[in-house]
Amino acid sequence: MAKVPVQFTLNGSEKAEFIDSGTTLLNALRDKIGDTSPKGGCHQGTCGACSVIIDGELRLSCLMLAETCNGATITTTSGLAVGGVLHPLQRAFLDTFATQCGFCTPGMIMAAKVLLDHTPNPSREDVVEALSGNICRCTGYEPIIRAVLAAARANPQNAA
Amino acid sequence: MAIRRGRGVAAINYPTGMNLGGDPTQALVHSTPTGNFMVTLSSVDLGQGMKQIMAQICAETIGVPTDRVVVDTADTDTGPHCMGTFASRGTHRAGNAVIQAAREARQVMLEVAAEELEVNASDLETDGQGNILVKGAPQKSISIFDVALSAHFKRGRSISGRGMFLIPRSYPEKETGAMKPSTCYAHACTVAEVEVDDETGEVTVLTVKNVFEIGRALNPKMVEQQLVGGSWMGISHALYETTEPYYPNRDHGGTDFNQYLMPGPGDLAETEIIVLERPSADGPYGAKGPGEMCANPQMPAVANAVFDAVGVRIDTLPITPERILRALKAQAN
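Sequences listed follow chains F and D, in order. Mapping the first sequence onto the working numbering, position 121 (from 1) lands on 121, and the numbers just tick up by one. Mapping the second sequence onto the working numbering, position 317 (from 1) lands on 477, and the numbers just tick up by one.
Calculated directly from the structure, the hints in this document are not laboratory data. Keep in mind that the hints are not guaranteed to be accurate.
To be verified - Which chain F residues face chain D? A few, computed with CB under 10 Å, are given here:
#: 1; residue: F18
#: 2; residue: T46
#: 3; residue: C47
#: 4; residue: F97
#: 5; residue: Q100
#: 6; residue: F103
#: 7; residue: V128
#: 8; residue: E129
#: 9; residue: C136
#: 10; residue: E142
Said to hold, decoys possible - Covered by chain F, per the in silico footprint, the following chain D stretches (three or more residues, Cβ under 8 Å):
#: 11; stretch: 195-209
#: 12; stretch: 391-405
#: 13; stretch: 416-427
We put the CB at the ideal spot given by N, CA and C, even for glycine.
All chains should be modelled from the sequences, with the hints used to inform the complete structure.
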């Protein structure tokens, strides 16, 4: 099969790969580039585990063709920690025990990050809405909702 | 036609582990040359935190901080035999095996320390911080780090232990059928409040109040995690989830998350969790198996609440609008 070139910015660094035409962004990230933080749950856009941020928008990487991402800026959960310091959302997920098996966690964190980027001080309803495309087997969601609200509270700009 | 409110209660006993051909788990514990401890198991952590619990149990038994213990569950082909992580048996069975293995390792550790300190091993105790002290004379001490080095390079000892925990198979008595299918039971009680729309058959769970009796909570935060998630899963099975909605007819079974009805973060009831700790007689440090138990009482509680609300008994799960409407129709006729 003919290979096609793709070039994008992943978590701040330039990536350039030749991939099979038709490869999803999820498979390109995991199998070609080696970023396994986006998870393949259903491969049809119904579970949210593969969520990544493309040019500031929450996207399902299992439904995107990698070749459509040329020139894009992509963020995954593995790019959130800076210099070994966890992102406030990661910290909050740990502190509030919001993860069990962990499979949904990267997608949840991506969805929550886009929410907090646009709505730094969300209501509980905002959080529920933002996470409604992501499913979780273990937690019953409540700890995840609490984690996102805790991360928002930890933002110094939200200090009352 | 109206929205009707109902309240239901249910209580359960739930066995820890199972009674097939006997229920065994084995564990091995050994020290590294620098006094860390490895626990080798074939028991698998599914995300519920079994590795953390086994590290705590081993650390408590040997007398070292938890971060000095590494749990290796890498390979079920080559590790000590375990029946598996199911039947809410992981903490109970593997935990007991780890205690036995860790006790044997601790005994060797104290024997090596006794040789180094020129005292009797029975006169030694651990401080829980990585040191071994002479009872009543704590100024005379040696670090576990130095004990392990001595064992490996000077004394030629292996600080290690073998653990085996077996619940033997129980056979029913021929005359009465009496038997002992489990040695250890967890308990729960749930009160659920629902609203039922008797025009659409739709059920909304308003509140779920759970009391769980789980033996000793070895890690209270992780126990809470299990119970919160389990309570939600019980509601989910009561009202939404099934692979075969018209069982035994296999038609209409969901094949993906578009068709399999799994609730999301917008479908949560107000949930309360209360933990009662009554240490079990044969559990590791009193623990029982809370895993599956915690997702069970919500189903009968919701069914009872639906009965309280609209007067129909739904005896097939999940309690779908279709089943409620059919039952209401049958009741009216």
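Structure versus earlier hints, numbers of those that do not hold, lowest first: 1
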